[in-house]
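K.L.:
In order, the protein sequences belong to chains V and E.
Residue 186 in our numbering sits at position 186 of the first sequence; the count goes up by one each step and never skips.
Residue 194 in our numbering sits at position 194 of the second sequence; the count goes up by one each step and never skips.
Honestly, the hints are just simulated from the structure, not real lab data.
Model, not experiment: these values are computed from the prediction.
Errors might be hidden in some of the hints.
To list a few chain E residues with every Cβ distance to chain V over 10 Å, as calculated [claimed, not checked]:
#: 1; residue: 28
#: 2; residue: 35
#: 3; residue: 39
#: 4; residue: 47
#: 5; residue: 49
#: 6; residue: 57
#: 7; residue: 121
#: 8; residue: 126
#: 9; residue: 143
#: 10; residue: 180
#: 11; residue: 187
#: 12; residue: 221
#: 13; residue: 227
#: 14; residue: 229
#: 15; residue: 275
Not everything, but these chain E residues come out facing chain V in the computed CB check (under 8 Å) [claimed, not checked]:
#: 16; residue: 130
#: 17; residue: 167
#: 18; residue: 266
Glycine included, every Cβ here is placed at the ideal spot set by N, Cα and C.
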Amino acid sequence: MIEFLAKRFATIPLVALGVVTILFIIFKSVPGDEAAFVAGATATQVEIEAVRVQLGLDRPLLEQYAKHVSGLVTGDFGYSTTFRGNPLPHILDRLPATLALATAAILLTIVVGIPAGVLAAAYRNRMPDYLISLSVVGLLAIPNFWLGMILIAWLSVGAGLLPSFGDTGPASLVIPTIALAARLIALLARMTRGVVIEELRKDYVRTARAKGLSKGLALRRHVLRNVMIPTVTVIGLQAGYLLGGSVVIERLFAWPGIGDLLLTAVSVRDYTLVQAIVLIFVVAFLVINIAVEVIYRFVNPRLRYA
Amino acid sequence: MPEAIVRRRRRGARRVNLFLWVGATLLVGFVALAVLGESIAPYDPNAQDLFAMLEAPSEAHLLGTDNVGRDILSRLIVGTRFTLSIALASVFLAGIGGVALGAIAGYFGGLIDRVVTGIIDLLLTVPNIVLAIALASVAGASATGLTIAITASFVPPLARLVRGRVIELREEDFVAAAITVGMSHTRILLRHILPNAATVVIIELSLNAGQAVLIGSALGFLGLGVQPPAPEWGTMLGASREYLTLAPHLVAAPGVAISLLVLAFNAFGDGLRDVFDPASRN
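For reference, chain V alone in the conformation it holds in the complex (with noise of 0.2 Å):
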């Protein structure tokens, strides 16, 4: 385990520098003056040279990518027009407050998602499957921004229950978890009730009824086990979906989260800064997917010895 842990996280640097040129590659072809756009409207062409000179813009582009590379392996992620400095204190700062929504987000997947299929599956082609089922359908076409906007009038204003915005405590966790979860809980509903239903099919499934376990114990002693699987893979595969949907949900509840920082980034055009946060974006994927992979090889005991 710890070797192939230690591969998996040995490939991070690799992948973050392969992401690194491409976005380099993108900003600095982005038209328009750099050392002018840093320096300000006022600034004169002597203050413009300064900077250009002071950010090491004059330089050739090979020699200011080798640079910004050895700057992102010290810590230093270069000059940001909001913070005026390097950016990456500031993105830390904010990284508990995104973390702690997608955790919360794939927490209330799991508590609401995994009961609702397995509910849909013991119940096939009754009321309740067709009312889970319908659901699901329509969660999945519902944008998460809308669905905050609803619950914020709904939750918020119309019953006074929740804070709408920004962080005050715990309970103004609550409306942005639901809107940026419920992607995940249709999903993993829709996955849970495919392999219940596949699995109460099996033979062992046949076993413990013809010894006198009821449905119910079944389900729960021996089929529940596997609905693990199900439940990895979504939050495997919708990794990309939870934070970049954190983004948007941020900014609609003005929750101090490092999306909400981007969107700030890229209205005052501040690429450095952007580049930082896309880069923190894709570290925070690859973690998720080798943490995937670790409770796989944890609840599927096959794959351990492949």
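Fit chain E to the given chain V structure using the hints.
P.N.:
Okay, now just chain E, sitting in the frame of chain V:
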């Protein structure tokens, strides 16, 4: 064949057609709205009426009016064109790009394959909406920028799918036969391999179209998409945020429109998948 199985099969077949038909019908409706646009809208979508601001739905304005008194129904009808054309254009372009890259990498293998796969794998690690936001910031906030951004986020997964399918097909006997009779690579790819990969691509693209609507409207909502006063649905939702309590109908209408369009594409894609690829059900 036992009666129960026959009955179950029949029920399955009916469900398939239902999905496909619901999706197709809705899509035809949306296309009609997009084409007819201004000619069937009851009002000019950008005409302001300062004596009828934030009015609730009534006989004169079936879906009410917005904060400067524009008729929401008219804006939704005319806005169909933006949302639908961005989704269809990005899916079409992503289809061309993804198929070309995937086919070349999968068919020729070797160094080309390794380079293309490497780049695809890198891009797949960037969450698609994050990639779209970063690209929208470079390409500019407009319908074109939005289309480029969404297209770019669809190409890598599609290229990977096509590559896998092409590698499978390359080993088939009919390809060996085509090589033996001296057919050119281009001809083999275009005439023999790609037609066999078409089903997976079409299914994937119709499901992508639903995603494109969601991403496009999210970017519009964030102010990175089509700019106001154009009545793009996501942009309309972004502008209606402040009126959530004052005039909920402002928020309701565009959201329902987006959901219905996504639902149409999803149902159509799921229906197609059930018809052409029954093994992948569930």
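K.L.:
Each hint: holds or not?
P.N.:
The hints, checked one at a time:
Here residue 28(E) stays apart from chain V, with its beta-carbon at least about 18 Å from theirs, past the 10 Å limit. Residue-level check passed: residue 35(E) sits 23 Å from the nearest beta carbon of chain V, beyond 10 Å. For residue 39(E), the condition that its CB be more than 10 Å from all CB atoms of chain V holds, with the nearest at approximately 28 Å. With a cut of 10 Å on Cβ distances, residue 47(E) stays outside the contact zone with chain V, its closest approach being about 26 Å.
For residue 49(E), the requirement that its beta carbon stay farther than 10 Å from each beta carbon of chain V is met, with the minimum near 25 Å. For residue 57(E), the condition that its CB be more than 10 Å from all CB atoms of chain V holds, with the nearest at approximately 16 Å. The beta carbon of residue 121(E) sits about 8 Å from the closest Cβ of chain V, which is not more than 10 Å, so the claim that it is off the interface is violated. At roughly 6 Å from the closest C-beta of chain V, the C-beta of residue 126(E) falls inside 10 Å, breaking its exclusion from the interface.
With 10 Å as the threshold on Cβ separation, the claim that residue 143(E) sits away from chain V holds: the shortest Cβ distance comes to roughly 18 Å. No beta-carbon of chain V comes within 10 Å of the beta-carbon of residue 180(E); the shortest separation is about 38 Å. Residue 187(E), annotated as away from the interface, keeps every beta carbon of chain V farther than 10 Å; the closest lies near 34 Å. For residue 221(E), the non-interface assignment is contradicted: its Cβ lies about 5 Å from the closest Cβ of chain V, within the 10 Å cut-off.
With a least beta-carbon separation of about 13 Å from chain V, residue 227(E) lies farther than 10 Å from that chain, consistent with its non-interface assignment. Every CB of chain V is more than 10 Å from the CB of residue 229(E) (nearest about 20 Å), matching its label as outside the interface. With a least CB separation of 18 Å from chain V, residue 275(E) remains clear of the 10 Å interface cut-off, as annotated. Hint on residue 130(E) holds. Least Cβ distance to chain V is approximately 5 Å, under the 8 Å limit.
For the restraint placing residue 167(E) at the interface with chain V, the shortest Cβ-Cβ distance is roughly 21 Å, beyond the 8 Å limit, so the hint is violated. Restraint check, residue 266(E) versus chain V: the minimum CB separation of about 6 Å is within 8 Å; hint holds.
Figure legend: structure checked against the earlier numbered hints; hints not met, in rising order: 7, 8, 12 and 17.
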